[in-house]
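Novice: Each chain is listed here by its residues.
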Amino acid sequence: MSNQPSPLAASDILDKQFLTVRSKLIDLAATFDRLDRAVADKNSASIDTNLRIVKIREAVARLLEAGPGRAEAIQLIFSLPYDE
Amino acid sequence: MNYIDPHIHIAARTTDDLALMAKMGCVVVGEPAFWMGYDRSGTSSFRDYFRQLTEWEPKRCADAGIKHYAWMGINAKEAEDVAFAKEVVAMLPEFLDRHNVLGVGEIGLHKCTVNEMATLKSLVELGLSRSELLLFHTPHLEDKYKGTRMILDMLSEDKRVDSARVCIDHCEEHTVRLVLNEGYWAGITLYPTTKATPSRAADMVEIYGPDHILVNSSADWGPSNPFAVPEFIAEMRRRGHAEAVIRKVVYDNPLKFFSQSKNFNFQPAE
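From first to last, the protein sequence lines are chains A and B. 85 is the number that the numbering used here gives the last residue of the first sequence; the numbers go up by one with no jumps. 312 is the number that the numbering used here gives the last residue of the second sequence; the numbers go up by one with no jumps.
The set of hints was computed from the structure by calculation and includes no laboratory data. It is possible that some hints are incorrect.
[What the hints assert, rightly or not] For lysine to any residue, the following SDA-like pairs were computed, each having C-alpha atoms within a straight-line distance of at most 20 Å: (1) A:K17 with B:E184; (2) B:K186 with A:A31; (3) B:K186 with A:V61; (4) B:K153 with A:L20; (5) A:K25 with B:E215; (6) A:K17 with B:T236; (7) B:K186 with B:T236; (8) A:K25 with B:Y233; (9) A:K17 with B:H182; (10) B:K186 with A:S24; (11) B:K188 with A:I27; (12) A:K25 with B:S241; (13) B:K119 with B:G84; (14) A:K25 with B:E214; (15) A:K25 with B:H216; (16) B:K186 with A:V22; (17) A:K17 with B:L183; (18) A:K25 with B:D245; (19) A:K17 with B:D245; (20) A:K25 with B:K186; (21) B:K186 with A:I27; (22) A:K25 with B:N267; (23) B:K186 with A:L20.
Every value quoted in this text rests on a predicted model; they were computed, and no experiment measured them.
Isolated chain A, as found in the complex (with noise of 0.2 Å):
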């Protein structure tokens, strides 16, 4: 990885940005209180173990973390392991 920088200025690309990012935000927001609802109101099972909210939960703490190559191991999470 080159790891080059963006010839766009760090502002410039959060002005641009920004309410992009805040919209999927609420959306992602959104769319886990319509998944707790959805289990609170069938009284259905926990989705706690299944493996796709095992995966997001992961990919959402992975998001927080510092440095580059966030989308990358973000894609990782959600791909097939391959065992050289």
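Guided by the hints, dock chain B onto chain A, whose structure is given.
Specialist: Using the frame of chain A, we list chain B on its own:
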């Protein structure tokens, strides 16, 4: 399913949009006066705009088979200059008397300043003195919670206010409960990036029930979608909601709210 888009800025939309909206079931629109994307240079610009909203846009909509109603007001972004706003407010009764105007709107706050509030109070006074319906714009983004609280506090202090005749618009997850608890109509705007999405609006209907909730596109000259209400209908259907519940939100509720205006004479199809 027939629907009403109770808040859309037709002046910013094309004739093709109107034709497609009609094909998708839109039978009535409400067009509040608002900011044109730039500050007007004088009161005569407002006069022309109010004529556009009460003369030209109703004709364009009628050509597409849609009944058009307007709301008259001065928006919060141009309310900061209190003296200028006062001249515009003085012009409003002439247009509120027109046969296709539902009431005073959209009025409200933008940055929640003292001047904005002074203009807003004069607009509310005008509306209440004439027994007009009131349509409130709530601020964007970080100002929304504070601005919504300020508007609700202002209204609660005036005993003349009938909550059934007031819509507080652009509600989101952190403001919709406040509005519904006070007995007002809560408008939810469906936008691509800001405000609410069709999915999140469906969530709010599921959480709070379909009573007193209106959904609208508020489509204008910015990122927005004039077909957002049909998208909400599709989202509700995908979730398995009954047609009667969906129709209540997109048709019965706006019909009930608008019907309180003496000028609303739309005749629903049998």
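Novice: Next step is simple, just say for each hint if it's right about the structure.
Specialist: Structure-based check of each hint:
1. A:K17 with B:E184: Cα-Cα ~17 Å, so holds.
2. B:K186 with A:A31: Holds: K186 (chain B) and A31 (chain A) sit about 18 Å apart, inside 20 Å.
3. B:K186 with A:V61: Given that 20 Å is the threshold and the Cα spacing comes to 27 Å, the pair is violated.
4. B:K153 with A:L20: OK: K153 (chain B) and L20 (chain A) at ~18 Å, within 20 Å.
5. A:K25 with B:E215: Holds. K25 (chain A) to E215 (chain B) sits at ~15 Å (cutoff 20 Å).
6. A:K17 with B:T236: 14 Å, holds
7. B:K186 with B:T236: 12 Å, holds
8. A:K25 with B:Y233: 13 Å, holds
9. A:K17 with B:H182: 17 Å, holds
10. B:K186 with A:S24: Distance of about 15 Å is within 20 Å: holds.
11. B:K188 with A:I27: 19 Å, holds
12. A:K25 with B:S241: 12 Å, holds
13. B:K119 with B:G84: 14 Å, holds
14. A:K25 with B:E214: Roughly 15 Å between the alpha carbons, so the hint for K25 (chain A) and E214 (chain B) holds.
15. A:K25 with B:H216: 16 Å, holds
16. B:K186 with A:V22: Satisfied, since the Cα-Cα distance of roughly 18 Å is no more than 20 Å.
17. A:K17 with B:L183: 15 Å, holds
18. A:K25 with B:D245: With a Cα-Cα distance of about 16 Å, the restraint between K25 (chain A) and D245 (chain B) holds, given a limit of 20 Å.
19. A:K17 with B:D245: 28 Å, violated
20. A:K25 with B:K186: 18 Å, holds
21. B:K186 with A:I27: Holds - the C-alpha atoms of I27 (chain A) and K186 (chain B) are around 15 Å apart, at most 20 Å.
22. A:K25 with B:N267: Within the cut-off at roughly 18 Å; holds.
23. B:K186 with A:L20: OK: K186 (chain B) and L20 (chain A) at ~15 Å, within 20 Å.
The structure is inconsistent with the numbered hints 3, 19, although it conforms to all the rest.
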